Amino acid sequence: MSVDLAGALLTAAIAGLFAGAPLAVVRRSAGYATTLVASLLLLVVAADALRVGSVTGVAWTGPLGDPESLSLDGLSAFFALAASVVWAGTSAYSLAYDTRSSPLLPICYAVTLGAIALLVAATNWFLFLVGWETMTLASYGMILQARGRPGRVFSASFVFLAFGEASTLFVIVAVAGLRVGTGSFVQLPYLATGAVATLVFVAALIGFGLKMGVAPFHMSEWLPIAHSSAPSNASAVLSATLTLAGAYGLFRVLSLLAAPPLWWGALVLGIGAVSVLLGALFAAVSEHTKGLPAYSTIENNGLILVALGSALLAQAEGLTALYAFALFAAFYQAIAHAVAKTALFLSAGYVEHSTGTFDLGAIEGGFKRTDGAAYAGSVAATLSLAAAPPLAGFVSEWMILEALFQSYRFRPEWVQFVGLLAGAAVALAAGLILVAMTKYLGFSLLWSPASRGPQGRSALLGGVLGALGAVILGLGVAAPWVLEMLAPTVSAFARAPIAVPVGQLLSVPNGWSILSGAPFGILSPPVVPIALSIGAAVGAGYWLLGRAGRRRVPVWMAGSAPARTDETYTSFGFSSGIRIMMRSVLQTREVRASTPSGTTAEFAGAVPYSVDLEVLDVFKVFYDGLVSGGARFSTALKTAIMPGRPGRYLAYILIVTLVVVIYTAAVG
Amino acid sequence: MTRAPWTLVEADRFDAGRADRALAYWSPDGRFALYNDYRTGQSFLVSDPGPIPDQGPPSWWARGAGPARPFSLADPAPVEGYGVFTFPYGPVSLGVAESGRFDLRTYGERILAVTPIGGFKSRRLRAGLAGLSLADAGLRIERTVGNFAAAHVAAFLAAAESAVGAEVPLEELWVRAFAQELQRIYNHLHVIARIAEAANQNVGSAQAHALAEEMVRFQGRVFGHRWLFGALLPGGPARRLGSEDRRAIPGFLTGHEQAFDRLWSLFLESRTFIDRIQATAPVPRDRAVRLGGVGPTLRASGVAWDDRLRVPHAPYTDLFLTLPQESAGDALARVLVRVQEIRASFSLLEQLLERWPSNGAVGTPDPPIAPGRGLARVEAPSGDLVYDVTVRAGRVDQVGVRTASQANFPLLAEGLRDQVFTDFHFAYESFGLVFAETDG
Amino acid sequence: MSTWLEASVRRGILTTRYPASAATADEVPATGRGPRARPGASGGAALADACPVGAIGPETLDQGRCIRCARCLPRGFDFSGPVEASTTDRAALLEPRAAPPLRTADSEAPLRPFSRSLHVFLVDVGSCNACNLEVLALANPYYDSQRLGIFFTNSPRHADVLLVVGVPTPEMAEPLRRAFEALPGPKAVVAVGACPISGGVFRGNPDLTPSLADLVPVDVFVPGCPPTPLGVLDGILRAAGRARREAVP
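Protein chains in written order, with our numbering: chain P, 66 to 733; chain V, 3 to 442; chain D, 2 to 250.
By construction, these hints were calculated from the structure, which means they are not laboratory data. The structure presented is a predicted model; accordingly, all values stated were derived computationally and were not measured. Heads up, a few of these hints could be off.
[As the list claims (entries may be wrong)] A short list of chain P residues far from chain D (calculated; beta carbon distances all over 12 angstroms):
| hint | residue |
| --- | --- |
| 1 | Gly127 |
| 2 | Ala524 |
| 3 | Glu549 |
| 4 | Gly568 |
| 5 | Val603 |
| 6 | Gly614 |
| 7 | Gly624 |
| 8 | Pro627 |
| 9 | Gln652 |
| 10 | Ala716 |
| 11 | Thr729 |
[Unchecked claim] Have a look at the derived ranges for each label pair, beta carbon to beta carbon:
| hint | chain 1 | residue 1 | chain 2 | residue 2 | range |
| --- | --- | --- | --- | --- | --- |
| 12 | D | Ala21 | P | Tyr473 | 37 to 47 angstroms |
| 13 | P | Asp631 | D | His159 | 27 to 37 angstroms |
| 14 | D | Ala23 | P | Asp631 | 53 to 63 angstroms |
| 15 | D | Arg178 | V | Asp31 | 37 to 47 angstroms |
| 16 | V | Pro80 | D | Arg178 | 26 to 36 angstroms |
| 17 | V | Trp358 | D | His159 | 17 to 27 angstroms |
| 18 | V | Gly43 | P | Pro619 | 49 to 59 angstroms |
| 19 | D | His159 | P | Phe585 | 42 to 52 angstroms |
| 20 | P | Arg612 | D | His159 | 19 to 29 angstroms |
[As the list claims (entries may be wrong)] A short list of chain P residues far from chain D (calculated; beta carbon distances all over 12 angstroms):
| hint | residue |
| --- | --- |
| 21 | Asp113 |
| 22 | Arg476 |
| 23 | Gly586 |
| 24 | Pro591 |
| 25 | Arg616 |
| 26 | Val618 |
| 27 | Trp621 |
| 28 | Met622 |
| 29 | Ala623 |
| 30 | Ser675 |
| 31 | Ile720 |
| 32 | Thr722 |
| 33 | Val725 |
Just so you know, even glycine gets a beta-carbon here, dropped at the ideal spot from N, CA and C.
Just chain P, with the same shape it has in the complex:
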């Protein structure tokens, strides 16, 4: 594609995303169809940008005199590509299923998409900020609720907005720092080291971290999704692409700064490791079909930060091979997560559609046997998030752990120690997320005879989920070639050519294996499904041959009749072991209501009593305290200054007049 055509298409794509909003006013499906077409267009453009290196669209001079343009270089092309895959999926899903939400939703949906595309394509920080704030406001609109839920201090959407504005605040500080440093709003490298660079880094880390939902800001991610009735397309966009926007911002800022000192990388690594562990832990004990994937997003974004932190540490230590490898790991993880999380939310939406509930405990299988493609895609997404081979999540988890294993290469011991702890946290989280995804797969996705069918066009959903599942599988199996495609991205980030860590092992053809060090570890993703297939074929052969002598019997229930539905392990019971084992972190409490004097009925009518096991996010306690403390302070201040007594107000007027008179007299 010629540069001009590509640029024009880029502009058209972004405009098309925004255009979905007015069209949605006319007719909902028109809006979604427009965003679908626009995101497919963006996909093509971004892929082309990765191939040729950059694409420039329309350019103009901004209100502050700086040149502004919409263009994609290697770094932004990657994020645009990942986002457009997500948007294509959610738009197609919305076409089929979003017929009942408020009219505000498709409008805000389109505006959010356009805003994210805008900020990714912006080459000027001012335009970036415009896109950022628009994105925040539009996504607030997507999940807007009329009033808060009973028993909560603030509504979930308000929490989202509060964190979103806090994020904007810190991003503005970072942009201001860069403006001071480089003298212009254009996204130019700032290579000086010093207080300004540190300020930019810290502000960017906090601001973009708020958006990514990493610890200690993870409440911004799980609360709005788990506690609002945000429909699935909104949840997918929030979880997959807003966080992707946050990641893009952080990567962009870091790419413009000079080689970082060690503590930057250690800080990023530490924050990432804590997020990974917290996200996985809360996912394992979550009973909400949207809350569980939301916690998984926190975990995956933590993994992105872990990879990024390793890369920064390697850069500070001058380990170029590890630096490259960790960067590839970070980007690969980003796209693997985006695709899988989208598929997961869409299937959660489908399950909610067919069963009417978000409660894992109330679902007895969400899919019918005929939903083959949809089912396969959902299973692929779940297993990818659980890092099962040969899917994309497996490769990304392997790469991140390999990067952490090489912490011994760092010279200062404290850095090695940080890497060690981070590795332990990631490994523990991998186990916990396996519990979470097994629970999700088993209790919400697995087919059972009681499943009711879909209501609506399931062929479309099957197509979407099947396609996403195929993408996940393809990303995993063809990982070495995906890394080759990511070379321009990594080079754009590092502002230097970077060698792709792909090589050869024994008789496996060259370019089929990923090398994690020089030398260290090696993985050949295309060979994994071959090995798995051989094993599966052996198993299948054994199964086929043994069919004659096989008998079917019900599950052994110690002689009792096969379990009724109220006698099987609930999803809550499945993870109660973790609730009780990790009770100090989760602050597990047993809440008893209407307890009689003893459990055994006192020979009278037995009064049922209830026992509930509850967990708590300790950070939420902190935020609740912060919020209520702030509310109390402002009320107190208001009462002190504005007591509502006219006498006091008159006194204010008198004092101010006096001061002005004296000042004027003194000056004049």
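Since chain P is already given, all that's left is putting chains V and D on it; use the hints.
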């Protein structure tokens, strides 16, 4: 001595609700009720107490005699909550070794409530007894629970003898007591071995099982049957303990007691063993009394009641027994009570041998509670056992029973509340319950 | 201070050598063997009242009904049957009184042998607990079934042999059937004690099924009330095709 082991009172003069009074037996026809007073150590027999209450301890006992099977052996209050479900365990589960089911209410890991369900292995015992001779009925009675055969037969025969006013040779009563104490030692050793097995104390468990096996073999040598079947029945060719036999016995008993002492001191030093049973499945004293508990379980919760002291038959009236008692009410306390009882049984066996009665001496039966109807209580290894036998024309007419397991399953439900799954086996074994004696 | 190791060594080896050597009198008391008529025993119908479960017929003695109550001893019987009393054929338990059969290695059709280890699952369909205790005693140091490769499992899915004790009650019919179905083939069922063979002393009680063979196919019958642990062991080994063969006159 013809002191009746209870005080007869009328229903309107008896305050059943007074603290520390517990119901011990309610006859199926509603004519008699037996109460224990734990404060004074007395037993009261109330005549014509009225119809059986449909809730509370008597109703649990009555279920075994009714037609509905299976039935629950305890009624914990229903529990609800998010994610709470019922986990059925049984009836075929090797951990419990008998057939009975437990419906556990749980949210996963923790037992919120447990409903024990019995009646799976009901052999319709009571229905098969009508019209049999005492000897034939005895064959079935001793197979109510094989390892409690001596206690069941002793109680049944004592009730039948009291019903007809038969005078029994003292030597016969001595033999019955001897047999009961031997079986008590076996059963307590078996309980300790099972708890040790559940605690993975493999060496200790094997040693305890070996001691139990030696006791069973001893019973086989002395009485001709490892479980004493046929040994105590009237008209049966039971091995009587002749003076030759009695001289050979003390050597074995002394050696066995020393081996047990050595074994128990090793158990006490095992921190892991003690930790696992300490504070497991506690039953507080007031709950134990209120729920009608009996036996070592009741004594472990701090109640000083043992039938051999409070309502003794000959020969226990002449023997010295220290009441085995603990106060903590947890599994460790129940084990400690059993250890004390083992030692007490060895002492009782020695006393029995020393005071063996001369030939020809007879004992006097307890007075009947009604013409042709006798009531007897013995302290079986699992606890207080009550037999209420009506005899007509030399044949058994009706039999009412209240066994210790019937009384103690509600204490199991109480003790297991809020325990974790892994402690289930300790708790169950520490109560020493047998499903075979919960139903008729 | 003494330790478990010291205590064990001092105790020494307690384990019997059975089936490599014959059972001793200590291991099998009198009632551990089945009844046999003594040469001078009276015959005829008068003996019908000598046995409360009707095991003694005019010409026959049903080992499968005997509950070891010893009531027939004064009438000319004694407990002198073999320790290895288990059979694969119920009819073989009905012995002619005058000439009880010799059990030799050829007298029975061999079952399909289970080589090496044997996994056993116990089901109690209505016992008095004595048979349960005798079966569980096989795990104690005196008998140690594990040295013969016999293991008790917690699930019928892992078992080769279903060991049934007790007289079948109506409530246990379904659980028994489920357990039997859950055992993967090849499998064997061993009925332990008089209760599953003939109902034992509860033969006449209402609602019970006095014969396990009416519910599931039974491969080995082990008479006794209860059979001693070595008797049970003989039954399990017979199911595995490696019972001790001893000719007893």
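Kindly indicate which numbered hints from before are broken by the structure, ordering the numbers from low to high. Violated hints: 6, 7, 8, 12, 17, 25, 26, 27, 28 and 29; rest satisfied.
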